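Novice: I would like the entire structure built from these sequences, with the hints used as guidance.
Chain order of the listed sequences is R and L.
All residue numbers for the first sequence refer to our numbering, where the first residue is 1 and numbers rise by one.
All residue numbers for the second sequence refer to our numbering, where the first residue is 1 and numbers rise by one.
Hints are supplied without guarantee of correctness; some may be wrong.
Where chains are identical, the list cannot tell them apart; a pair therefore holds if satisfied intra-copy or between any two copies.
To be verified - Taking lysine-lysine pairs in the BS3-like style, the calculated list, with each CA pair at most 30 Å apart, reads: (1) LYS34 to LYS211; (2) LYS50 to LYS211; (3) LYS50 to LYS472; (4) LYS34 to LYS472; (5) LYS58 to LYS211; (6) LYS34 to LYS271; (7) LYS211 to LYS51; (8) LYS51 to LYS472; (9) LYS415 to LYS450.
The hints are simulated quantities; they were obtained by calculation from the structure and are not laboratory data.
All figures in this text were calculated on a predicted structure; none of them were measured in a lab.
Here is what each chain is made of, one letter per residue.
There are 2 protein chains.
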Amino acid sequence: MIEINTPWVQTVALNPPTLQDNTADADRLISALKATIQSDMIDVDLALLKKLPALLRKWEYQVRCIVFKDRHRWLLTGITDAADATTPIAGLAIDLGTTRVVLRLIDLITGRTLVESAFDNPQDAVGPDILARIHFAEQDGGLDRLHELIITGLNHAITSLCATIKLNPQRIYALAVAGNTTMTHLFMGLNPRWIIREPYIPAVNKPPVVKAGAVGVRVNPLARVLIFPNIGSYFGGDLIAGILYSEIYKNEETAILVDVGTNAEVVVGNKNWLIACAGAAGPALEGGVTRMGMTAGPGVIDKIAIDPDTREFKIHTIEEKPPRGICGSGVIDLAAQLYLAGMIDIRGKFLPAQCGSRLNEIDGLMHLTVVPSDQSGTGSDLSISQADVDSLIRSKAAMYTILETITASVGMALKDLKRFYVAGTFGSFIDPRSAITIGMLPDLPTDSYKPLGNSSLGGATLALTSADGLEKMDRIRDRITYLELNVNQEFMNRFSAAKFLPHTNLALFPSVKV
Amino acid sequence: MIEINTPWVQTVALNPPTLQDNTADADRLISALKATIQSDMIDVDLALLKKLPALLRKWEYQVRCIVFKDRHRWLLTGITDAADATTPIAGLAIDLGTTRVVLRLIDLITGRTLVESAFDNPQDAVGPDILARIHFAEQDGGLDRLHELIITGLNHAITSLCATIKLNPQRIYALAVAGNTTMTHLFMGLNPRWIIREPYIPAVNKPPVVKAGAVGVRVNPLARVLIFPNIGSYFGGDLIAGILYSEIYKNEETAILVDVGTNAEVVVGNKNWLIACAGAAGPALEGGVTRMGMTAGPGVIDKIAIDPDTREFKIHTIEEKPPRGICGSGVIDLAAQLYLAGMIDIRGKFLPAQCGSRLNEIDGLMHLTVVPSDQSGTGSDLSISQADVDSLIRSKAAMYTILETITASVGMALKDLKRFYVAGTFGSFIDPRSAITIGMLPDLPTDSYKPLGNSSLGGATLALTSADGLEKMDRIRDRITYLELNVNQEFMNRFSAAKFLPHTNLALFPSVKV
Chain R
1 MIEINTPWVQ
11 TVALNPPTLQ
21 DNTADADRLI
31 SALKATIQSD
41 MIDVDLALLK
51 KLPALLRKWE
61 YQVRCIVFKD
71 RHRWLLTGIT
81 DAADATTPIA
91 GLAIDLGTTR
101 VVLRLIDLIT
111 GRTLVESAFD
121 NPQDAVGPDI
131 LARIHFAEQD
141 GGLDRLHELI
151 ITGLNHAITS
161 LCATIKLNPQ
171 RIYALAVAGN
181 TTMTHLFMGL
191 NPRWIIREPY
201 IPAVNKPPVV
211 KAGAVGVRVN
221 PLARVLIFPN
231 IGSYFGGDLI
241 AGILYSEIYK
251 NEETAILVDV
261 GTNAEVVVGN
271 KNWLIACAGA
281 AGPALEGGVT
291 RMGMTAGPGV
301 IDKIAIDPDT
311 REFKIHTIEE
321 KPPRGICGSG
331 VIDLAAQLYL
341 AGMIDIRGKF
351 LPAQCGSRLN
361 EIDGLMHLTV
371 VPSDQSGTGS
381 DLSISQADVD
391 SLIRSKAAMY
401 TILETITASV
411 GMALKDLKRF
421 YVAGTFGSFI
431 DPRSAITIGM
441 LPDLPTDSYK
451 PLGNSSLGGA
461 TLALTSADGL
471 EKMDRIRDRI
481 TYLELNVNQE
491 FMNRFSAAKF
501 LPHTNLALFP
511 SVKV
Chain L
1 MIEINTPWVQ
11 TVALNPPTLQ
21 DNTADADRLI
31 SALKATIQSD
41 MIDVDLALLK
51 KLPALLRKWE
61 YQVRCIVFKD
71 RHRWLLTGIT
81 DAADATTPIA
91 GLAIDLGTTR
101 VVLRLIDLIT
111 GRTLVESAFD
121 NPQDAVGPDI
131 LARIHFAEQD
141 GGLDRLHELI
151 ITGLNHAITS
161 LCATIKLNPQ
171 RIYALAVAGN
181 TTMTHLFMGL
191 NPRWIIREPY
201 IPAVNKPPVV
211 KAGAVGVRVN
221 PLARVLIFPN
231 IGSYFGGDLI
241 AGILYSEIYK
251 NEETAILVDV
261 GTNAEVVVGN
271 KNWLIACAGA
281 AGPALEGGVT
291 RMGMTAGPGV
301 IDKIAIDPDT
311 REFKIHTIEE
321 KPPRGICGSG
331 VIDLAAQLYL
341 AGMIDIRGKF
351 LPAQCGSRLN
361 EIDGLMHLTV
371 VPSDQSGTGS
381 DLSISQADVD
391 SLIRSKAAMY
401 TILETITASV
411 GMALKDLKRF
421 YVAGTFGSFI
431 DPRSAITIGM
441 LPDLPTDSYK
451 PLGNSSLGGA
461 TLALTSADGL
471 EKMDRIRDRI
481 TYLELNVNQE
491 FMNRFSAAKF
501 LPHTNLALFP
511 SVKV
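Specialist: Below, the structure written as structure tokens:
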């Protein structure tokens, strides 16, 4: 078991007071801690101070202290019996997604993950997306209800999570929360009203470090809650967490980090500078538009290969269950394979001769059957329409244009990027070869592509397991230059050029050969 | 109206956000404040953060900020409309006495006193003194009850105080509390149990700055509460406040500060060093032992003159009401005058020939009638017994011995002291001439004696009206060397020599001539 290099848990052996050495209990402990952590700035909470004299005597002045570094000082957050070294002292990393919330319980001494869990964001009950929730927050009691929903959801999850490893939630002394700007606001109970109204101003960019008790999270009420800062209404703490996790902010080489979704958020940079932007890519990349589109799950098509000679489809589904639908990475595979098999042209139009009997007109729109009804898990054909492909092409063109624009803004070309991080589930499932083939991602060596997985949770974990997590997230936030994407003539020209497979300028995609 | 030099209230004119300047509300405000108060360390409370966006818009980004300096950072505690410059932004200084609590409401912008009030400490209901209360605190629910009593008492007083000037208590943004170590503990809800048990350890020497809401004081819940630190169980924050108020900690010349009571607390020092001690002087100096003794009030004898030739008594009472009793300063005057009139000898024994018909034996003990029944306000003789005088002499001898011991400990003599501060009501009423005559205070020029009045309240006021009040109180506390008074042979020798009027060594009291 490797001890990580964080100062959160300090074992302190005090000399009990005597007539000659009569410093008060709190001052005695803090003075010892000052020497240990080499800081003069340690505060103690009144609630802990009340318990301190009895606890110090009970444990004969041999204690473990949980200390936490705020922005401007250290805080003594808890003390435990030094003799009890078996019960973990825990931290909780939270990826606070609009749709899904993921929790990771961490041992604050070893840095080891104790257990993880996830649940659907219960705010979905009042609105599936940010916009609906912000409107709901404006109703009477709406904000309180949204705050309560997420906190109650978290509390249920924490109770279950702790139960699985028989840990008292009071042993959780630190939290790190990464979420988009709206979710972060709702978590704190801040009114998100102005986030969606010009000029789109959050209540706060750098949230204060708060006590768990102050937001209602049922762990140790004095547990400090680190909340990732945001750049603005549309570039949230989840992305700052991603940057922290990807480490692009500390490398010499310039890298790019992309979080793909309805909104594509992109960061380009290195240890000297960071530039970020966010833009609408459309829901097609998430598999959201096709009638057969769905999020990843058992029976969902995640990989497709089409034999270029026989045009036979080889379909892979998650858990190899009968196919029920297709996810974002499956759609990209499908488009790439259709293109390589000559079944769609460079504009993405179905070529009837090559598609053969798979192509049928339904309601005046051409549809390509991906899985016939007798092989599907739904009993119906799974098909993709011309409109779906058109939509995918617009989305991938928007994505590529955003990547090209941000890279050009710092005088670089996409081919200059040494590493290309793709965040999220999408990043884990996507086949870079397919994404390159359709011209959604630039034609870099495929080993440049690094899926990051849940980088929001990864960043939150790092915030708890690094001594300088808070400084790092603040520094990353402050160093980012936010590029406002103006949909001007240049952008439109780039977009038009990208609306082909893989691109109008084939020289940009030398590896794609039909 | 002179503006004092405190930074607590800052008027900030912000540029409202635009698409080009889209910093969040809180960060916008804090950034402006950082420039104004020239500190990078400003935190904002979550409770205030929740209200911030709506308030900033309501007041069109023109606000007054109440900022408060903690030990390690600044805190944005409140914001008000910049256009409303008439309603005061207030602070509350509290002298938290065991017997009596005094409040002073202060305008935080001008430093001006708005209004004052006082009330009897309602904890008296469970115990008149510290010891009784600490024992009560150990009963089930006892500590909570004591905490609740003082907080409820304060809340009633605050409500009345604010009503007299029609101020909303929410406009009180800062508190400073000076009290002895036990009272300070009870105010915070800290268990005082170990204060009276060897080795006499308080829970805390330097209390954290807490929120009013956290201790239950009903002012603005975010108001910061500065609590004066203590040196130990028997040298409390009220004395640190006294040192702050007396300014002895910043003068070149060495001065002494005495707080006279059942316990005498003494500080000697200058800008380079401070030494302190506390010792039992006995209740006689407060008028507590004589049967006719009482605390100052209408009809209480505070001054006495005896014509050395006619031995006629000239008696002055408070508010010139018929005499009902005698207070501490009256007892000292009486003893000095009896001695100067030759009615008691150097050991304090009544001289029957000189006392004449005033002297009577009651219950085997000689009593001197100070006010005969036909002139008294009680209808009975007001008299002082030989035992009373003996007790006074022991008390004054103990007092003088403590003064001599602490001064000698730094290699000085009492005559080297340039200023002699006497704190409290006692200090305001006492006639230094009489105190010198009986040898309670050293024979310094009478203009060396400076009554300080309520120096605890004065110090608390300074803490709110100085930019560096908190640093000062911490620095004073840290600089004090506490002298443990050992009742050794030397102390006993000094005490024996001081048990005469004015002293065995008359050379120490050249101005006292019988």
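Novice: Which holds for LYS50 with LYS211 at a C-alpha limit of 30 Å: within a copy, between copies, both or neither?
Specialist: Answer is both; intra-copy 17 Å and inter-copy 15 Å each pass.
Novice: As a check of your reading, is LYS34 near LYS211 (CA-CA no more than 30 Å) within one copy, between copies, both or neither?
Specialist: both (22 Å within a copy, 24 Å between copies)
Novice: Could you figure out if LYS415 and LYS450 sit no more than 30 Å apart (CA to CA) within one copy, between two copies, both or neither?
Specialist: within (16 Å within a copy, 83 Å between copies)
Novice: Between LYS211 and LYS51, at a C-alpha cutoff of 30 Å, which is it: within one copy, between copies, both, or neither?
Specialist: Close inside one copy (18 Å) and across copies (18 Å); limit 30 Å.
Novice: Up to 30 Å between alpha-carbons, please classify LYS34 paired with LYS271: within, between, both or neither.
Specialist: between (32 Å within a copy, 27 Å between copies)
Novice: Is it within, between, both, or neither for LYS51 and LYS472, if the alpha carbons may be no more than 30 Å apart?
Specialist: between (33 Å within a copy, 28 Å between copies)
Novice: When Cα atoms must be at most 30 Å apart, do LYS50 and LYS472 count as within-copy, between-copy, both, or neither?
Specialist: Between copies only: 25 Å across chains, 33 Å inside a chain, cut-off 30 Å.
Novice: Please work out whether the CA atoms of LYS58 and LYS211 approach to 30 Å or closer within one copy, between two copies, in both situations, or in neither?
Specialist: Both. Shortest intra-copy (26 Å) and inter-copy (29 Å) distances satisfy the 30 Å Cα cut-off.
Novice: At most 30 Å between CA atoms: does that hold for LYS34 and LYS472 within a copy, between copies, both, or neither?
Specialist: both (23 Å within a copy, 21 Å between copies)
Taken one by one, the earlier hints all hold for this structure without exception.
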